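> What follows is each chain in one-letter form.
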Amino acid sequence: MSQYGVILFFTTSSAIQSEKMLLKESFAVKLIPVPRELSSDCGIALRFDWDDMERVTLVLVEAKVETDSVHRLP
Amino acid sequence: MIYMDNAATSWPKPPEVLRAMTEVLERAGGNPGRSGHRLSIEAARVIYDVREEVAQFFHAADPLRVVFTANVTHALNTALLGFLDSGDHVVVSSMEHNAVMRPLRYLEQQGVFLSIVPCAPDGSISLQDVAEAMTVKTRLVVIVHASNVIGTILPVAEIAAIAHSAGALILVDAAQTAGAIPIDVQAMGIDLLAFTGHKALQGPPGIGGLVIGAGVDVARLHPLMRGGTGSQSELEVQPEYMPDKYESGTPNIVGIAGLGAGIRWLKHRGVDAIRDHEKMLTNALIDGLSVIPGVKLYGIGDSGRSMPVVSIAVSGKRVSEVGQRLDDEFDILCRVGLHCAPSAHKTIGTFPEGTVRFAPGALTTLDEVQQTIKAVERITRS
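Chains as they are written, first to last, in the numbering used here: chain D, 149 to 222; chain Y, 172 to 553.
The hints are simulated quantities; they were obtained by calculation from the structure and are not laboratory data. Only true hints are included.
The calculated lysine-lysine pairs, modelled on DSSO-like cross-linking and capped at a C-alpha distance of 27 Å, are:
no. : chain 1 : residue 1 : chain 2 : residue 2
1   : Y       : Lys438    : D       : Lys168
2   : Y       : Lys517    : Y       : Lys488
3   : Y       : Lys467    : Y       : Lys450
4   : Y       : Lys488    : Y       : Lys467
5   : D       : Lys212    : D       : Lys172
6   : D       : Lys172    : Y       : Lys438
Every value quoted in this text rests on a predicted model; they were computed, and no experiment measured them.
Chain D on its own, in the form it takes in the complex (with noise of 0.2 Å):
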């Protein structure tokens, strides 16, 4: 396994928005195109250190960011 995990979100704005507020949380962040085995999707992710993981998704909660699904990328 890598070591990044990768969140899915329902719309670009969401993950723009979540970029934002964990860059701020100075968090190793990168939007990255949805890997296509996670999703058809065409929109962007967010890939983070899996090391990370809790901490990441926890600031993502509070917040009240609606987030799709959190992968750990193969």
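Chain Y: place on chain D using the hints.
Same frame as chain D, but now just chain Y:
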């Protein structure tokens, strides 16, 4: 040239707005939310940042409930056609623009019931009349924040309270006020705020928006258009997620970037400082025009209770003649006629002739106002 038509669109635009618009195409020219490469992501970031700017500017809680539209007409149509069903009752003022009246007259043919609360000739409204127009079937009150003909500001917060106590929502047409006077959608109780970017917000034409409050159940607000959103592409039904539900098709990123720069320019200058400047110009216009023999002034005559929009008639002269002479002989640009608001002109008693409308703006000077007064004075004498 003296530009006195800021109620139609503000001009000139701050240089920062023009710069932001060219810069966004150079720096962030991708299709936001569609492709996932860096230019696409950067475009999406620009749009999200402006969404947040708009939400903060109007004190809206959730930036994802700021929906971008082509203009305020598009925003009003989204709210009216999306929210109202046959059998619903709507309360509306008699000072509305056709951007409200035409969709409502269409909906009336589809079985929506309309009550039009008559305003006084100075554009003011009686809160008691509004309260008495409410019925158990009233789902929406639609109100213009300030008249585009005479500038009179309506008491939106008080009308919102009346609407809510009757179980209805309120939709506010802020075409003339957004950017010119402070708007706090939460404190004022505004459920749906329709605005345009190209007037007091200093942005370009082609961009506006609808701010949707927490009290609006978006499941009951149908989108005007359906199509590609970049999200949930595997589905052939429109997504319900905000703001994608109402934003099908490639957005106007150039307009959005210009709107964002306009808002930042306003925040830097200060909405209150600009308001004070425009009140000073309005007072000068009212004082100067009201003493000219043969000039009749419409409106409330109080810059504190109106926007910088001053309408006049000149006795013995057609409004079109006055407008053309101001343009040809004095290089002064204003707007004459009915201003797309026949109901408002009927209310103030100027239908079907209309008025000559002067609308100074944030960048208008006192000298320009004084030259305008002198020009009107000369036109009345010859």
